[in-house]
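*Asks:* Chain by chain, the residues run as shown.
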Amino acid sequence: MTTTPDLDVTVAAGDGWVGVIPAGGTFRIVDLHGNQAADTLFYDAADLDNRYSAMDTIREQGAVYLTTGSKLLSANLDVLATITEDLCGRHDTVGGACSQESNVIRYGAHTRHQHACRQTFLRYGAEVGIGPAQLGHNINFFMNVPLTADGGLSFADGVSAPGKHVQVRAERDIIALISNCPQLNNPCNGWNPTPIQLLGWWSQ
Amino acid sequence: MPVLLSHEIPAGAAWSVQVRRGRVLRLTAKAAGANCSTFVHAAGDPVDRMNIPDTLKAQMSARVHAPMVLMSDRGVGLASVVGSSLDWHDALGGHSVDAHVGRFGPTSYGTDRNEWRRSARAGVVSELTKHGRGAEHLHACVNFFSKLATSDDEAGTLAFADGHAAAGDWVSLRAEVDLLVIMSTAPHPADPRWAPGAVLAEVHAGEPYGDDDPSMTFRDESARALIAAKAVFA
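The listed protein sequences correspond, in order, to chains A and S.
Throughout the first sequence, residue numbering follows our numbering, covering 1 to 204 in sequence.
Throughout the second sequence, residue numbering follows our numbering, covering 1 to 234 in sequence.
Keep in mind the hints are simulated off the structure, nothing from the lab.
Take these hints with a grain of salt, some might be off.
[To be verified] Here are the simulated lysine to any residue pairs, SDA-like style, with alpha carbons at most 20 angstroms apart: (1) A:71 <-> S:157; (2) S:30 <-> S:157; (3) S:230 <-> S:214; (4) S:130 <-> A:71; (5) S:230 <-> A:71.
Can you make the complete structure from the sequences, with help from the hints?
*Replies:* In structure tokens:
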């Protein structure tokens with residue numbers, strides 16, 4: 001993509017973004033400084049209940065990680081978007097988003113008032129009618145959550161690096177809701193949350 | 001423990017039950033290959049519901065097994081898996097929708113009467129609606145008695161495990177807050193066959209537990225979720 005983008009936004013560390021990606025549009029998330037989790041939800045712009053479904057997506061592709069070619073399915077099994085470029089290699093979609101409450105469970109009561117992705121989702125989601133009931137299980141672009149054959153799951157150091165990006169093509173008009181993860185208590189942001197860049201090209 | 005309520009959910013049907021805090025919901029597979037897509041909500045709370053990613057990452061597991069605690073969107077331990085004859089219940093595969101049922105050919109009430117094949121989605125949304133909720137409240141479920149096997153490979157291949165559960169396999173959930181539990185016995189959406197099995201649901205009076213309870217001692221995260229459950233109403 002060398003043409004002038006229709007969207008070019010830098011999302012500061014711990015901030016978020018919501019916007020519409022028109023059908024056929026290309027949407028790129030750039031990990032500017034490396035190892036930065038971009039928690040992402042997609043919605044059918046015409047029906048917020050037809051939202052991204054992590055479990056439907058991984059079951060239908062028969063694999064738990066997302067990468068080039070992954071069709072990002074909705075709860076009604078519609079293809080909301082397809083990953084068309086991935087310089088990272090694989091992305092998580094079973095680790096969910098951090099919240100103030102889950103931080104307490106994972107790290108203790110002292111983390112109750114630390115900033116968390118769910119706060120960002122609720123704040124930006126409210127602009128388009130997305131409330132707590134509509135917050136499904138998200139994609140963690142640039143995050144590495146390896147599973148094992150014996151049913152283990154862990155959060156590992158990222159497989160991303162500065163400047164790597166992931167790109168999707170919208171298969172219908174979709175809303176993207178993004179939290180640039182502020183988590184400080186595990187390696188998902190390399191212990192140092194940093195900005196990400198969002199780029200969009202709406203006509204080819 | 002005395003049985004307070006007993007209901008057999010027929011193969012391929014849906015049911016819901018409200019379970020008082022402290023009581024135990026025991027599910028028993030009545031046939032090999034049974035599946036029970038189960039959604040756990042906080043009764044009386046408009047939005048709080050079981051959150052599978054939070055449950056799995058807090059307990060470092062890609063499967064549900066005893067003595068894990070099933071956690072909610074708002075960080076509450078909703079239920080503890082206090083026992084099971086199986087050490088793997090699927091939480092990654094989601095539930096079936098009408099498109100899955102369609103793979104097994106046409107079916108309708110008109111031609112098949114009550115033997116028509118219905119998806120988990122159809123049944124679960126019906127039950128949710130009876131309780132004033134709707135499809136927007138759907139989240140990932142636990143598919144009790146089913147296994148979607150994970151792998152060590154680079155893609156993270158998932159494969160449906162045939163014949164995982166036998167008749168008589170069981171799992172017991174202790175309600176940590178008042179619960180609304182919604183269940184469908186439609187087949188797992190990755191099951192290549194349409195061969196649903198019935199599931200017996202029983203509610204038992206539970207017993208008080210202390211700091212030595214297996215779910216309290218399992219992990220610090222599990223204990224903190226149970227402490228949060230006790231603090232829902234301060």
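*Asks:* Hint numbers the structure violates, sorted upward?
*Replies:* Of the numbered hints, 2, 4, 5 do not hold.
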